[in-house]
Every structure is written in structure tokens, then in C-alpha cells.
Amino acid sequence: MRLNPLIGISAIATLAFLYLPMLAVAVLSFNKTRYGLTWSGFTWDWYVRLFSNPEILEAARNTFVLALLSTVIATVLGTLFAIALERYPWPRRSQGLLENILYLPVVTPDIIFAVALVVAFGAFRMVSSLFEPGLFTMILGHVTFQIAFVALTVRSRLKSLGHDLDEAARDLYASYGYYVRRVLLPLLTPGIVAGAMLAFTLSLDDFVISFFTAGPTSQTLPLLIYASVRRGVTPEIHALSTLIFLLTVLLVLASERLTRR
Amino acid sequence: MTVAARPKATGETLSIQNLVKQFGDFTALGGVSLEVPSGEFFTLLGPSGCGKTTLLRIIAGLEVPTEGRVVLLGQDITPLPANQRPVNTVFQSYALFPHLSVWENIAFGLKSRRMDKAEVERRVKYGLEMLQLEKFAERLPHQLSGGQRQRVALARALVNEPQVLLLDEPMSALDAKLRAEVQVQLRRLQQQLGLTFILVTHDQDEAMAVSDRIALMRMGHLEQVGTPDEVYERPRTRYAAEFLGAANLIKGQRLPMGFEASFGKLALNRTPPWDEGYVAIRPERVRLSEVEPRQNGLRVQVREAVYRGAYQEVWLKPGDLRVRAAPHPTLQAGQELWAELPVDALVVLDE
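Top line first, the protein sequences correspond to chains A and B. Counting from 1, one number per residue, gives the positions in the first sequence under this note's numbering. Counting from 262, one number per residue, gives the positions in the second sequence under this note's numbering.
Heads up, a few of these hints could be off.
As the list claims (entries may be wrong) - Ranges of calculated distance between the beta carbons of each label pair, as one might list FRET restraints: (1) A:SER160 x B:VAL604: 58 to 64 Å; (2) A:ARG87 x B:ASP581: 51 to 57 Å; (3) A:PRO89 x B:GLU494: 43 to 49 Å.
No lab work stands behind these hints, which were simulated from the structure alone. We put the beta carbon where it would ideally sit given N, CA and C, even for glycine.
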């Protein structure tokens with residue numbers, strides 16, 4: 001059967017619709033013109049300026065520290081949660097409930113989560129000054145939405161492993177610790193790494209949660225871009241956006257590869 | 262360099278005492294008792310859902326019985342978790358560790374007990390040799406054929422020198438030809454090692470081929486336990502007669518000297534314990550001939566005959582008897598002849 005060529009054309013049109021704006025930004029990041037959209041020649045200038053702008057460097061540092069710390073915490077908690085969900089003999093009904101709870105953060109609008117965090121941190125602030133808006137509250141905020149993504153990725157890996165191997169390990173005299181070290185963790189590693197990369201990407205790109213939980217000294221790149229755009233989009237922002245986009249693409253591709261294995 | 266070097270225990274290795282297992286409302290095992298002597302190849306045979314796998318898993322320690330005891334060499338092992346029982350399992354899926362080489366898979370049970378390195382090396386080497394796996398030591402499970410994987414699973418269990426080796430349908434994933442070969446090898450291996458094997462299968466041919474004794478299971482109970490020929494030749498119940506070799510069941514009444522079926526009188530060599538009940542006869546024990554037999558002859562008509570190569574399958578009327586006859590001469594539907602139901606082939610069932 002020959003496929004209608006229209007299907008191919010519409011697929012290409014869809015892709016164009018998705019990626020043309022990004023492509024435009026990437027092209028403009030190499031444009032010599034400072035204001036406006038006319039092309040007046042190729043330049044690396046904006047990238048060079050980017051790396052000599054202390055405000056941007058500071059924001060980049062914050063972004064990576066935040067992404068790294070929140071990812072480590074979320075990966076540990078999410079992995080444990082997935083193992084508990086999948087391996088602990090829950091009564092059937094609470095298993096279903098737990099699974100729904102796990103999905104909830106994925107489908108809840110970020111803004112709802114963000115507002116909830118603002119309220120919660122406001123209350124905690126009465127107890128400890130630790131909850132003043134800043135890097136710490138941002139880490140907590142990011143961890144809350146990252147956990148679900150890590151847990152879901154690890155859990156699908158656990159599901160595909162099945163129960164045979166842990167029975168085989170027990171039958172072969174393995175203690176639980178030995179089983180975890182020699183069998184479970186090595187086999188889960190691709191899932192854990194993929195989940196961590198996904199979490200890292202999400203943290204890197206997050207705007208809404210960061211916006212509501214950030215303090216004066218914890219500006220991140222997405223927040224900085226937002227603030228700059230309000231003052232007018234400059235080619236520096238195009239350059240920055242292009243870099244962040246490329247990094248995200250790389251992480252997603254890597255995570256994809258790991259889950260497929 | 263032998264796994265069998267351990268002094269052979271005498272008498273009962275394994276004693277199953279009144280095991281009950283319930284999953285919610287479902288009774289998987291309804292009070293099963295068994296004695297398996299040392300060095301026996303014992304088979305749990307039955308259809309899916311009869312409780313055979315549950316029984317095996319309880320022996321392995323992977324399932325906790327609701328009631329009853331598992332006694333191994335005089336010691337009650339019921340409370341012991343799986344990783345403390347001197348029992349190893351060959352799983353239906355083989356459950357090889359996919360990230361470990363054949364060598365590491367076989368060494369797993371030894372290393373997890375922190376056996377010293379030289380001993381691990383020695384035993385793994387022995388296991389590889391025993392199952393002709395030397396060439397594959399460094400391969401990963403997914404680089405092996407089904408038959409090779411099965412041998413790795415066997416080696417991985419046997420190098421631990423278990424008191425009892427449990428085999429959960431280990432041949433179900435192999436094709437028919439390989440399965441027949443593996444059955445012979447498995448039997449030979451068991452005899453060489455003198456180990457107690459407990460096999461779970463739903464395949465009666467497999468059970469017949471390898472076992473010293475067979476326990477036929479049905480709905481969580483033992484229907485009949487005996488040597489393959491006892492269970493086959495002398496089934497006690499309709500279920501046993503039908504499950505093993507699909508016997509003909511003939512319903513009828515007891516007579517002072519034999520038995521009366523709907524199609525005539527038959528002599529028996531045992532007086533039935535009932536007034537009305539069943540006798541069984543195997544399809545291959547019914548004799549067809551042109552001349553009237555001296556005893557238990559029956560004038561029959563061929564209702565249908567199917568040529569199956571090595572034999573022909575014939576349905577007769579009256580009585581709806583199924584017969585396995587020599588392939589030649591080919592019989593035709595409607596043909597009339599004599600069927601003999603030899604006295605020694607008629608088995609009086611207990612019900």
C-alpha cells in the first residue's frame with residue numbers, strides 16, 4: 001500500500017511548526033544586528049559577551065548547583081520510592097492509591113504546585129529562617145516535582161525486570177543487601193541514570209516553581225531570561241537560549257538511549 | 262571433584278506433612294503429605310492450577326504455607342527463609358542474571374555465601390564441565406540458546422550441592438526434539454549425582470521418562486502416587502486414567518463374575534468394589550482382529566479412523582471406544598471387525 005504523500009508533508013509541517021521558532025532564535029544568536037530582525041552578518045560576539053557577563057555567569061552557576069543538588073536528592077528518594085512501590089507487598093487497594101499519588105505531580109499544573117509551596121514555606125518560615133526564599137527553598141521545590149519523574153522511570157524498569165531474579169537470588173543464598181548490590185542496582189542503573197537526567201533537564205528548564213520560590217540571590221537562567229526579555233530581547237538572550245536548548249536536547253537524547261537499552 | 266562426594270543420606274530426605282496453602286479464598290493446597298526418599302527422582306504432575314508449583318515453591322521457601330511442615334533430613338525447615346535452605350531451584354524462566362556472565366551466574370550461590378575463592382573456582386569449573394559449558398563461560402545469558410541457558414540454570418543450582426534440587430517445568434521453553442534429549446540427560450545426571458530431584462511438570466510423557474515416582478495432583482490434592490508404570494497401568498481414579506494416556510472409561514454394573522457394560526459383558530480379574538462404576542482400558546491395549554477372540558470379544562464397527570503415521574487412531578461403536586491400532590492395514594469407516602478387551606488390560610477404578 002502506498003501512503004498518501006500528504007501524510008509525509010503534514011508531518012514535516014508539524015515539525016517545522018515545532019522547531020522553526022527555536023531555529024529562528026538560533027539563527028538570530030549569530031546575527032550582527034543588535035536590534036531588529038535584519039541579517040547583517042555572522043558573529044560569535046553574543047556568545048563571547050555571554051561568557052563575560054557576571055550576572056549571567058552567576059545565574060548559570062545557580063542553575064547548575066540547583067539542578068545538581070535537587071537531582072541527587074530526587075534520584076535517591078525517587079528510586080527508593082519506586083522500589084518500595086513495586087516490591088513491597090502492598091494490599092492491592094493501597095497499591096493503586098500510591099500509583100495515583102505518584103502520577104499526580106506529573107499532571108498537576110506547575111503553578112498550583114508553586115503556590116502551594118509558597119504557602120507551605122510561608123508557614124515553615126515561622127519555625128525556621130531556613131525557609132526564607134533562596135536556593136534551599138528552590139531545591140525543595142524542584143525535588144517535589146522531580147521525584148515523580150525519577151520514580152516513574154525507575155519503576156518501569158523494575159516492572160520489566162519482574163520477580164524471578166529476586167527469587168533466584170534468594171534461592172541462591174543471597175541476603176537482601178547482597179541481592180540489592182549484586183543484582184538489583186546494577187540492573188536498575190540505566191533506569192536510575194535516565195530518571196536522573198530527565199530530572200536534571202526539568203530542573204534546568206524550570207521557570208514557574210523557581211519564580212515562586214527564588215530569593216534575591218538565587219536567580220537562575222530561566223528567571224534571568226524572563227527578566228531580560230521584559231527589558232527587550234537581545235541577541236545575548238538568543239545565544240543563551242540556544243545553549244540551554246542544545247544542552248536539554250543532549251540530555252534528553254542520552255536519557256532516551258539509556259531507557260531503551 | 263565431585264558434587265556427589267557427600268555421604269549419601271539414607272531414608273527420607275524430604276517429608277511434607279499436611280501442607281495447606283490458601284491464597285485468600287482459593288485453596289491451592291488442601292493438606293498434602295509426602296515422603297521422598299534420598300536419591301529419588303520425584304515428579305509432581307498435573308494440569309495448571311493443581312497446586313504443583315505452589316508445593317515446589319513452599320519447599321524452596323519462596324512461599325509460606327498456611328499450615329503444615331516441611332522436614333528435610335529430620336530438621337523442620339518450615340520457618341527457614343529461602344536463602345537458608347539447602348535446596349536449590351531451576352526456575353521455569355531460568356531466571357539467569359542478565360548482567361552476569363555464565364561463570365558469574367554459576368558462582369552466584371557460592372559467592373553469596375562467601376565461599377573462599379579457590380573453592381568457588383573449583384566448583385564453577387566443575388559445574389561448567391558437568392554441563393558442557395566451558396566454551397560459554399564468558400558469555401552473557403542473552404548470547405546463549407535456550408538449551409544452553411537451561412544448562413546454566415542447572416549448573417548454577419547444582420554447584421551448591423543442594424540436598425534437594427527443585428525443577429519448575431525446566432523444559433517447557435525447549436522445542437520437542439531438544440526436550441526429549443534433555444530429559445535423558447537430566448535423568449542420567451540425577452543418577453550420576455545420586456541427588457534427590459523434585460520436578461514439576463504438566464507433561465505426562467516427561468514425567469514418565471524421567472521419574473522414579475510420580476505424584477499426580479488435582480485441585481490441591483495428591484490423586485495418586487506411584488512409579489510411572491503403576492500410575493499408568495493401574496490408575497485408581499477416573500481422573501488418573503484420563504490424565505495419563507487418555508484411557509477409555511467404560512461405565513457399567515458389577516456382575517457376580519465380572520462386569521456388564523452397555524454393549525455387553527466383560528470378564529475382569531478383580532471384583533469391583535462398587536455396584537456401579539468404571540473400568541478403564543488404554544487405547545493401545547485394545548486388540549482388533551478379523552476372528553472372534555476367546556474372551557471379552559466385542560463385535561464392533563469402525564466409526565472413524567485417522568491415520569497418524571506411526572499408528573492409526575480408531576473410534577469404534579458401540580461403546581465409543583478409542584483404539585490405537587497398527588497403521589496397516591488401513592481401516593475404513595463402516596468396516597466391521599472384532600475388538601478384544603484383554604482381561605489384564607482392564608483396570609477397575611475405585612469409583
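Item to check | Hints the structure fails to honour | outcome: The structure conflicts with no hint, since it agrees with every one listed earlier.
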